[in-house]
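Letter by letter, the chains look like this.
Protein chains: 2
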Amino acid sequence: MRWADLEKSEHLKVDRFTIRCDITIANKLYKERRRAAYGLVKVPPSDLHQHLGELLASKQGADVTFHVGGETFRAHRYILASRSPVFQAELLGPMRESHAAAVVEIQDMEAQVFQALLEFVYTDALPQDMTREEDAVICQHLLVVADRYSMDRLKLVCEDRLCRHINVASVAIILALAEQHRCHGLKEACLQFLVSPAVLNAVAAAEGFDHLANTCPSVLKDLIFKLTDCRLDIWGKTG
Amino acid sequence: MRWADLEKSEHLKVDRFTIRCDITIANKLYKERRRAAYGLVKVPPSDLHQHLGELLASKQGADVTFHVGGETFRAHRYILASRSPVFQAELLGPMRESHAAAVVEIQDMEAQVFQALLEFVYTDALPQDMTREEDAVICQHLLVVADRYSMDRLKLVCEDRLCRHINVASVAIILALAEQHRCHGLKEACLQFLVSPAVLNAVAAAEGFDHLANTCPSVLKDLIFKLTDCRLDIWGKTG
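Note that the protein sequences, when read in sequence, are chains A and B.
Numbering-wise (full-length UniProt numbering), the first sequence opens with residue 1 and increments by one.
Numbering-wise (full-length UniProt numbering), the second sequence opens with residue 1 and increments by one.
Take these hints with a grain of salt, some might be off.
Claimed, not checked - Mimicking SDA-like on lysine to any residue, the simulated pairs with C-alpha atoms at most 25 Å apart in a straight line are: (1) K59/A / G69/A; (2) K31/B / A4/A; (3) K42/B / L223/A; (4) K226/A / I173/A; (5) K42/A / A176/B; (6) K42/A / N201/B.
To be verified - Covered stretches of chain B, as calculated for chain A (at least 3 residues, CB under 8 Å): (7) 71 to 83; (8) 127 to 139; (9) 203 to 217.
Just so you know, these hints were derived from the structure itself, not from any lab.
In this text, a Cβ means the ideal position worked out from N, Cα and C, and glycines have one as well.
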């Protein structure tokens, strides 16, 4: 605005004029508008495990064959190697020449257990279609296999599942397994189960202690200490 | 007990005797003991994506090479194929003979975008080490790439991220992108952002509408209907 125009303007009153500013705090407004849009896009959960499960099922591009318990399995050696340092050494290490022709014989393992192992390698989950009894048996075998192939997470998944399968008939076998494979959580769960006198009597009647004494005598000592701790707790509370 | 022994027994009083039964409901007890052990085993979250990310980084066993934006990338064709039907067709379909020698040239893509695509293929996640500006740019490019490779989840991840990058300077470009690639959630988020008069004025001042009118005139119609709906809402509330 020119000086002359200002002098003539009706806004100029007694040598003064007023400026009005309307300020919109845009950032805050923009944030509010953006927030109104949250939740409009629904992102589904990861489907990586599903895609790799389909790759395993399709056998497409499989470059290694396993013979296990009379059955044949086809898989991808680099995926196996990425998931287990033992597969890495066996399939890709200096010893691999013998396996390069791509057939590997695995002894001392049932086919159903190897199938579950492969599913876990590709999907990070165990098969869903097992009965409770099958689940208990497979998890015992898989715990041993997880230790053999240095698959720490699989081992913990089996430990966690076996905690739910502890009962009078199985606790001695599961406790021996936990001791042999250094599963501290699972061992503690078995000992917690056993510290009740009623449970202890039932397990003794089912000859569970004979199994334990034969396979893992050292565990009986742990159990005795556990029972002593519990008694001391009770004395502490009642005395 | 023999009849004769019973007749002589002190428990027989006036031709009657009492039987006392102590019943322990074992299943309930066992369940309680098992419950005491819950939480003793901590299972860590899935590490499948981490292991595959390491496989991508190591390039071990990679059987296909991509030339993109002047850079070279090595990957595993069966993993790519398991994640995208377009990679499946290009790398393993009837046309694959030309690619079997394992070098694929990709035009019209920046190296950084292809790197992010590979990371998503192997880990189901986007790179973490980007600035906010890089994230906004990469997500715009990746949205186009996700559409090209029919990777639906990646597309939704990009849509979701772009919702957080909507501002006065970007909304026109993002809205055009959403329209071109049929991203309903992202388009709705842009329209929600624009229905405020203050935002609309700011976008007009930034010449965003010129861009929209040039690239996606159809979207302007949607915006007009959106604005009309809002006005009707306000009339409804105030009238």
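Verification of the supplied hints:
no.	hint	result
1	K59/A / G69/A	holds, 19 Å
2	K31/B / A4/A	violated, 95 Å
3	K42/B / L223/A	holds, 22 Å
4	K226/A / I173/A	holds, 18 Å
5	K42/A / A176/B	holds, 20 Å
6	K42/A / N201/B	violated, 30 Å
7	71 to 83	holds (count 7)
8	127 to 139	violated (count 0)
9	203 to 217	violated (count 0)
Figure legend: structure checked against the earlier numbered hints; hints not met, in rising order: 2, 6, 8, 9.
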